[in-house]
Structure formats: structure tokens, C-alpha cells
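Build the full structure now, drawing on both the sequences and the hints.
Chains as they are written, first to last, in the working numbering: chain A, 1158 to 1500; chain B, 49 to 463; chain C, 2 to 292.
One thing to keep in mind: the hints can contain errors.
[Stated by the list, open to error] Facing chain B, from chain C, some residues (calculated, C-beta under 8 Å): (1) Ala10; (2) Tyr213; (3) Gln257.
[Claimed, not checked] FRET-style restraints, in silico, Cβ to Cβ: (4) Ile1378(A) / Ile71(C): 51 to 61 Å; (5) Ser428(B) / Phe7(C): 38 to 48 Å; (6) Ala1258(A) / Leu283(C): 25 to 35 Å; (7) Ala1243(A) / Arg219(B): 50 to 60 Å; (8) Thr452(B) / Ala149(C): 49 to 59 Å; (9) Ser305(B) / Ala1239(A): 51 to 61 Å; (10) Lys83(B) / Ala1366(A): 53 to 63 Å; (11) Glu1373(A) / Leu84(C): 28 to 38 Å; (12) Pro1328(A) / Ala341(B): 48 to 58 Å.
[Claimed, not checked] Computed far set for chain A versus chain B, every beta-carbon distance over 10 Å: (13) Ala1169; (14) Ile1177; (15) Ser1262; (16) Tyr1268; (17) Gly1311; (18) Asp1331; (19) Ser1359; (20) Gly1362; (21) Ala1367; (22) Ala1388.
Keep in mind that the hints were calculated from the coordinates and are not lab data. Yeah, the Cβ is synthetic: ideal placement off N, Cα and C, and Gly gets one too.
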Amino acid sequence: MTGWRFYALLAAGLALFPLIFHLPPINGYAGLATEILIVGIAAIGFNLLLGYAGQLSYGHAAFYGLGSYGSGLAVLTFFPHAQSFALALFTGIAIAGIAAAIIGSLVVRLYGIYFALLTVAFAQMVYFIVFQARDLTNGDDGLQGISAPPLNVGFAHVDLGSSLPAFGLGPCGDLSDIKLWYVFAAIVAFLVVAFVRTLVRSEFGEALAAIRENEERSIFIGLDPRRYKLAVFVISGLLCGLSGALHALYQGSAAIEGLSVEQSGAFAIFTIVGGVGTLIGPLVGTGLIMWLENIVGGVFPAWRLVEGLVFVAVVVFLPSGIVGSLLRRRGGRLWLRRLVTAK
Amino acid sequence: MKRQTTSRGRFIGGTAAATALAFGSAPYIMAAPTKEFVIGVNVPQSGSYSDQGTDQLRAYQMAIDEINKAGGVMGVPLRASVGDDQTKADVAVDNARRMIERDGAVMITGGSSTGTAIAVSALCQQMKTIFMATLTHGDETTDINCHEHTFRRYNDAHMSARAMANELIKRYGTGRWFHITADYSWGHSVYDNLTAVVEPKGAKTVDNVLLKLGTTDFAGALGKAQAAKPDVLVITEFGKDMVNCLNQAATFGLTKSTKILVPLADEYMAKGTGDNFDNVVTTAPFYYKYHAAHYPAAKKFVDAFMARYGTPPSNGAECAYVNMYQWKYAVEAAGSPAPAGVIAKLEGHKFQATKGPEYWRAWDHQGINSVMVMEGIPMSARFGDEWAFARVLHEVDGEGVAVTQGQSKCKIESA
Amino acid sequence: MSLESFVQAAINGLILGLIYVAIAIGLTIIFGMLRLVNFAHGAFYAIGAYTGLVVADHLGFFAGVVAAPIVVGMLAFGLDRVLLRSFYGKPPTAQILVTFGIALVVEEALRLIFGGTTRQLAIPDWLNGSIAVAGLQYPAYRIYLAIAIIVVVFAVWFFIERTTYGLIVRAGVRDRVMVQLLGGNVEAASTLIFVLGAALAGLVGVAASPIYSVDPGTGFAFLIPSFVVVVIGGLGSFWGAVVGGIIVGELMSISQVAFPVVSDVIIYVAMALVLLLRPQGLLGESEMIRG
Chain A
1158 MTGWRFYALL AAGLALFPLI FHLPPINGYA GLATEILIVG IAAIGFNLLL
1208 GYAGQLSYGH AAFYGLGSYG SGLAVLTFFP HAQSFALALF TGIAIAGIAA
1258 AIIGSLVVRL YGIYFALLTV AFAQMVYFIV FQARDLTNGD DGLQGISAPP
1308 LNVGFAHVDL GSSLPAFGLG PCGDLSDIKL WYVFAAIVAF LVVAFVRTLV
1358 RSEFGEALAA IRENEERSIF IGLDPRRYKL AVFVISGLLC GLSGALHALY
1408 QGSAAIEGLS VEQSGAFAIF TIVGGVGTLI GPLVGTGLIM WLENIVGGVF
1458 PAWRLVEGLV FVAVVVFLPS GIVGSLLRRR GGRLWLRRLV TAK
Chain B
49 MKRQTTSRGR FIGGTAAATA LAFGSAPYIM AAPTKEFVIG VNVPQSGSYS
99 DQGTDQLRAY QMAIDEINKA GGVMGVPLRA SVGDDQTKAD VAVDNARRMI
149 ERDGAVMITG GSSTGTAIAV SALCQQMKTI FMATLTHGDE TTDINCHEHT
199 FRRYNDAHMS ARAMANELIK RYGTGRWFHI TADYSWGHSV YDNLTAVVEP
249 KGAKTVDNVL LKLGTTDFAG ALGKAQAAKP DVLVITEFGK DMVNCLNQAA
299 TFGLTKSTKI LVPLADEYMA KGTGDNFDNV VTTAPFYYKY HAAHYPAAKK
349 FVDAFMARYG TPPSNGAECA YVNMYQWKYA VEAAGSPAPA GVIAKLEGHK
399 FQATKGPEYW RAWDHQGINS VMVMEGIPMS ARFGDEWAFA RVLHEVDGEG
449 VAVTQGQSKC KIESA
Chain C
2 MSLESFVQAA INGLILGLIY VAIAIGLTII FGMLRLVNFA HGAFYAIGAY
52 TGLVVADHLG FFAGVVAAPI VVGMLAFGLD RVLLRSFYGK PPTAQILVTF
102 GIALVVEEAL RLIFGGTTRQ LAIPDWLNGS IAVAGLQYPA YRIYLAIAII
152 VVVFAVWFFI ERTTYGLIVR AGVRDRVMVQ LLGGNVEAAS TLIFVLGAAL
202 AGLVGVAASP IYSVDPGTGF AFLIPSFVVV VIGGLGSFWG AVVGGIIVGE
252 LMSISQVAFP VVSDVIIYVA MALVLLLRPQ GLLGESEMIR G
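The structure is reproduced here in C-alpha cells:
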């Protein structure tokens, strides 16, 4: 098994990412790299539901958005005196998780387009509730001025806004371009991928695969598909909540658009372009699309058209996404395949 | 499958080609650093306020070109890094962050909604960068959401409402008022200020229909208004939303049966509504026709703008233009673009640009300048100039109508 | 809430509802006949609206109205031949994704060509203006639009119920293979349905654009409510689309007057209730929605 090799390569990739990202043709910046990892966690959550459980949800922005409003409100309104990073994070995740449990229990009865549409309906309801709770959430204007409390690590209070020490790296910029936020996001992303990998390779994951392949048969062998689907729904909702909670703390604001159908669609695009059903595919997809949007978009107005065309092309010709098909191409390189899938 | 292999190969090749094309054709590869100041220009180029945003962009480009031709700021040329905020706060923040972190912007400016202005203002405070807010009208920008690094020259809702006060009472009386309001910070700010002015005088607020920014169909609200038979209909909408609302109001017969008030307007909104803007009372900080006739500096600006673009500058464009020059002044007076010095030089600074004498108030960074109270005129009275949309009723001095320190919730961070 | 404002709202709701009916009919018969979940349906609406704008600029309003469904129909035909054919009958997830992708491409192409600003189609003056309805002034154009849609809906109904081709369509919904065995040209009928549904959406797009301003995002703005309509009415049911559309329109409109707070969300609550309690919709047939 390539367990340690996978993790070593993942760690190396995460460490090198901001540096490579900074290089001239790519022209990114560390702040964007951080945001990519944070949002990518939501894509990983979405991917768990779509890639491993075979369910397409168009409402996952609800959990992402609830996560960001949750952590934002924890800092601004609920526990303003505690000023605890962990508490804010926990609040966001908890709210998202509860919503996922409630919504999940209702949606897992349905399939296909009906499942997708019901997730849309609930996501719109969440959007509406958050919008109307104006006194709490500021409605259309969203939460502003969320200053992330310092992170408590043991006895130290870490201000995630501080930079790494200055160290010139030539074309890769300077080490001080990278803030501790990136280090934190990278650690969280690493843990999330590790969690998903472990989950997928466990008995739980095997049951999931069985249900995905043939649900009728899985019932015959004694599995209760609904329970598994609900579990996956909630876990993916929790991951989206984590992503949203981190995003609000990083961005300093929570926007109502985070709850929109467009946001749910974005998770789908990230995941599918990157590689549905692979472990790091969602991160790759998030990185590519957000790079397109933020960097290329500034100077090349047709970037979104490119994004749409790439998406259609992937769905039609390359359903396993960039990462997925990279593996298959090097069919013989089993170690590479094992690297990025759960097998 | 055979088909899959060939198309996959073609796909990868195609993507590589497309990516190469994207790189090759986009001249954004960071050049070696010649000394320059990067200005982050964050405006809506899509969405309800896109006309206003695009016009601001024109003014920014003109100002930057003029400044560069005259030798730049302290001899250093300016370069604009432009972003489309889509009238969305989170996109505006992302743009601003990119402009500061990657492009090294020393100043962020732009915006056409109070929602985005507040969000960008918070980010600029966090990242210690000057934010010259342009078209934002809601009180919050220099009130409860004020920040040390943010300066707002544009009139706010408090000023507009009180400048209009006499006109409102005289013309619209104390009858029954029906409001259609954009459901976000600006809309609420205007509504609160208007009712604070007219209700004590006896006006009765019949209803306030809140509609999301970007609403295109106002039939429900207008139907309600029609049924309520108010004396006054207040349309607190901006940009394309206002144009839609007013034009639809005409089809409901409301422009004939009811007096209409549009608290804030600009040239694009008036053009879009044509004859329907007749008799509508509104305010604006600048009206090109009036100011060009009364202030030489304004005439110079308007003539240059028209020569370059063929259309007159909207009030957002004028604000953008003056903001650029004000920032230039502050940097040169302070000797560097570092925020602390710029802030100190702007606070309390008295000047006269394209309007009457004005100044930057130190305790909230609000620009104290005049408010124009105007009344729309029909196309037939515009003598062929479709942009000359109004008759000026009053030019109100900003000092008397701005919020006082006692009333305001603003607490600038350092002070 | 006064009787007057209720009547106003009911009329508004009817007209809004009819617009949704026209869009939803296409969506529902495409699903019924082709088993295709078409997330690109909103895109057809948007293309119709923009086509109308462009043509009307040069040749006038009515030319725009005529040109839009023709152009959209042709585009749909091309799309069907080139791409979507292979997706009929495939798992809905793949269908949703590819049609969603197409909708995305269309939106961005429109943005690139026409810019992001909102536009409105200008109506000729004789169509504009107000009509007195129940003692209140009501925009004339909305009335004309409603009548036009009713006519079109009946035309489509007539086609499906009373013509041979319509017969093939209806039979093909029931049992595709059998119809083929009986010699009916299911392929051609399928393409026809797709084109017809798209053209209908395009027609509504241009006809409604004087009321609802058009911007590149318009397609998606109408897409989700259209799905709400077909879900409530029943995926695949013609009359379900009619009933569902009117219900959705009335719900949105009356709630704006009676309970303004919920007016944005009430249709989603309705859809959720239908999906949970009677997933086949009000007039749909109990089919395999659980698998």
C-alpha cells in the first residue's frame, strides 16, 4: 500500500503549491492559493456525495453558506467576548451539520432529478431564511468586519494573518508573501483528504461503493442504502460547513451569494473538471477554475466561456475529469493511479 | 473504447492549445518593476449598476491619462488594475484583495453600491490601504461602517433627504406615501432618512415594499401601489432597477396619477426613462449641465470628457475624477503614498474642484459638498440633448444637511 | 389586503403564470418524450430574448418575435444532432451536468457578445399603454402577451392531441420501442419535440423581454422556477405544466400582496411538499422516480 507515499506526496504538493502558483505564467498569489484550499474543502465534500455515493446535489451551497454565517456570527454576535477561533469554527460546522442532517433525512428518499431538485428547494429555503433574518445576518449586505481571532495552539496564540519570515525565492516570490493562513489551510486540507481517503477505503466506503454500483443488490446483501446515503450526505454537509466557516474567517465577510444555486453549481464544476471520484481531483479543479476566474479573468474577458467549454468537454469526453483521466492514460503506472484514487 | 482514446488525446491537445493561446494573447505577464503606482479600480461592469460603473471607469481612465501626461504623481506614473465587481460584495472583496496582494495597489477606488463599498472598506482597513469610495450613497459608509482608510466624497442619504426636505413638504405635501425600496443597506438608509424628514410633518407612510437588488419585474409592487392610491410614490431604486420600475410604473398609469419621487438619480437613469422622468423630483451631487455653466473647472472636465467619449459625465464619473485628483494631492502633500500621511493630508482639507468650495470632514471622512435638488423635464424640453434631463431647483450647501457628530455612530479607528 | 389589490395580484399572477406555462411545456414534453432533463432550457429562453433584441433593432418588433423561435429552433436542432442525442435516456446526473454546461456556455457567450448590461426590448407604441381592467389601469402589453400565450398553448395542445405526429409523440412517451416496431419515426419525432420545446422557450423569451429586462443571466433566472413548475405539475405531463405554471404564477403574485415576506420562497416550499408527498406531481403519472 502506498499510504505513506501518498501522504508524503500530498504534503509536498501542498508545500510547493504557493511557490509554483506565484511563478510568472501562472501569476497567482498566496492569498488566492489559501482561498483555493479553503473552497476546495467544500468541493471535496461535494465529491464525496457525487463521486463516491453517486448523488448529485444542487443545494450544497446551503451548508457552505451556513458554515460561513455560523462562524461569522459566532465572532460578531453570539460569542463576541470569547473571541475563540475554534469556537467560531465549531459553530459554523455545527450549524451546517444540523441542517445537513435535517435536509438529508428528507432528501435521501428520492433519486436522480427529484433528489437534485429537492436539494435545490431546501437550499433556496435556507437562502430565504438567512436573507430575511436581516437583523441578524444583514440580509443582502452580508456580514462584514469579521476579524479572525487568534488560533490557540497549546499555549500559543497564533495570529494567522502574520507572514512567514522573509526569504527570497527568486521567481517564486518571497517566503513572506505566504501568510500563516496558508499553512493552516494546507494542514486542514491535508487532514480532510486523509479523512476522506480513510473513509473511502474502510468498510463504510466499500458499502458505499456497493450501493452505488447496484442499490437493489446491496439491499439483498443486507445493507440499508438510506442510512449510508444519509451518513454521506451529512459528512459532505459538514465538510462544506467547515469550508464556509474557514472562508468567512479568512475573507472577513460572509456573503449571501455563498448560499446561492450558482455557488452549488460552482462546486459541481470544480469537482467534475478536477476529477469526480478522485481524492485530489476536487482541489485541482477548484484551483484551476479559481485561477481562471481571478487571474486570467482580469485580462481575458472570455475566461468564463472557456470555463464553460472545458466543463462541457469534460462531461462529454472526459467524464473522469483531469485527474481521473491522467491516471487512466498512464494505465501502466499503477503507483500513480493508486496515488490519487482510493484503490 | 477506441473513440474515447482519440478524443481524449484531441481534448488534451486542444486544452493545451487553448491555454497557450490564453497566455500568449494576454499581456498580463508581470513586467520587470518600473516604478509605478497601481490604482485598484473596482467597478460594476455587469448587473443593475453597470451603466454607472462603466461611466466611472471612463472617468478613471481619463484622470489617470491626464495625470500621467502631466508627469504622474511625484514623477511616478499611475497604472490602473481594473476589476468587475458585478455589484456583488464578495467579488468586490476578492478583486480588491487581488489588487492589493498581487498587483501592489496603493489605493483602491470605485464601487457603485453601498453594499460593496462597506465590504471593500472593511478589507482595505484590514490591509491598511486607502479606499476612495466613489458612488456609494448609503449613510453607513461614513457612519456605522466608517473606517480610518476610507474616504467618501459622494453625498449620503442623510444629506439628500434633508436637502430635499423643503421641496418634499412643499410639493408632495403631507399626504400618503407609498415606498418601493431596494432591499439592502442603501435602500434602508434612504427610507429611514426620508421618513425621518417627512413623517414629523404629518406625512403618512402607507407601505414600504422591499425588493431585492436586481429585481426586474415590479408588477406586484406597482399593483399594490396602484390599489393603495397614495399621494406620493417613492422609488428608492438605482441604475437599471429604477429604469425598469419607473417605466413599468408608467404602464400602470402611475406617472399620471401620482407624484413620483426618486431620491437619487443620474444621467443614465434619466435617459433610460425618457419622458417618464418628467416632474420627478430627485437629487444628485453633480449635474453636468448646471455645473459646466456655473463652474469653470467643471466646464473643463465636462468638455474634456465629451471630447474623449462623446457622452457627458454622469455624477459617478465626476466623483471618480475628483477622487483621483484628491488622492494625487494628498500623496504629493505627504511626500509618499503611505496611508498614514495621505489620511492626515486629506482630513480637513479644503478645496474647490468641479463644484463649489468643499472639504473632507476629519471625524468621519465624509466629503462635505453641495447637493443638487432637481426636477425632471420631458424629452421635448431637453432641446435635442437627451442627457439634459433636469431643471435645478436648489443647490444646497452640504454643511447644513450633513449628519452631525452627535447623531453619527462613526468611530474612526485611530482618530 | 383589499379586494382590489387581490384582483390586481390575481391578474398579475395569471400572466406571470402563463409565461411559466409556455416555458414549462417545452421542458416537460422534452422530458416526457426524450427522457432528457434539460438544464439548458433557460438558455433557449435567453437566446430567444437576445435574438429578438438584435432583429428588432433592425427590422422591428414583430420581426424580432418571429425570428427568435426560428433561430432558437435551429440552434436546438444543431445541439440535438451534434451532442444531446447520445444523452437521451442516460442517467439523469449526466444529463443535468451536460445541459448545465451548455447553459453555462450559452450564458457566457451571450455575455461576451452583448456585454453584461441589462437590456429591454422596446414595444411599438400601439402595444404599449394601459387598459382599464376592473377599474384599474393595467399595462396593455401584458394582456396581449397573455392572450398570445393562451393561443400558442392551444396550438401545441392541438398538435399533440389531434395530429398524427402528435400521436407518435404521445405514444413514444409511453413506449418508445413499440412505436419504432410499429414503424413510427421516433427519431424524427424526438428531434421535433426538442426543437419545438426550445422554440417555444425562445418565443416566450422574446415576447416577455419588454417586461423582464434581459441580461446574460436571465436563462438561469428562469430555469429553476421552470423546474418548480414541471415538478408541481408532473414531469412529462402537458396539462401538468399548464396547471403548475398557473399555480406557481399565482402563488408568487398573491403572496407578494398577502404575505410579502414569503413571496420569494413559497414556490420552493410548494415544490418540496410535492416532492415529498406526491413526487410524480399533481397530474404526473406514478412512474419509477425511485430508481
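Now for the hints, and whether the structure bears them out:
no.	hint	in the structure
1	Ala10	6 Å, holds
2	Tyr213	5 Å, holds
3	Gln257	4 Å, holds
4	Ile1378(A) / Ile71(C): 51 to 61 Å	55 Å, holds
5	Ser428(B) / Phe7(C): 38 to 48 Å	39 Å, holds
6	Ala1258(A) / Leu283(C): 25 to 35 Å	30 Å, holds
7	Ala1243(A) / Arg219(B): 50 to 60 Å	58 Å, holds
8	Thr452(B) / Ala149(C): 49 to 59 Å	57 Å, holds
9	Ser305(B) / Ala1239(A): 51 to 61 Å	57 Å, holds
10	Lys83(B) / Ala1366(A): 53 to 63 Å	59 Å, holds
11	Glu1373(A) / Leu84(C): 28 to 38 Å	31 Å, holds
12	Pro1328(A) / Ala341(B): 48 to 58 Å	56 Å, holds
13	Ala1169	24 Å, holds
14	Ile1177	15 Å, holds
15	Ser1262	30 Å, holds
16	Tyr1268	27 Å, holds
17	Gly1311	27 Å, holds
18	Asp1331	12 Å, holds
19	Ser1359	32 Å, holds
20	Gly1362	27 Å, holds
21	Ala1367	26 Å, holds
22	Ala1388	31 Å, holds
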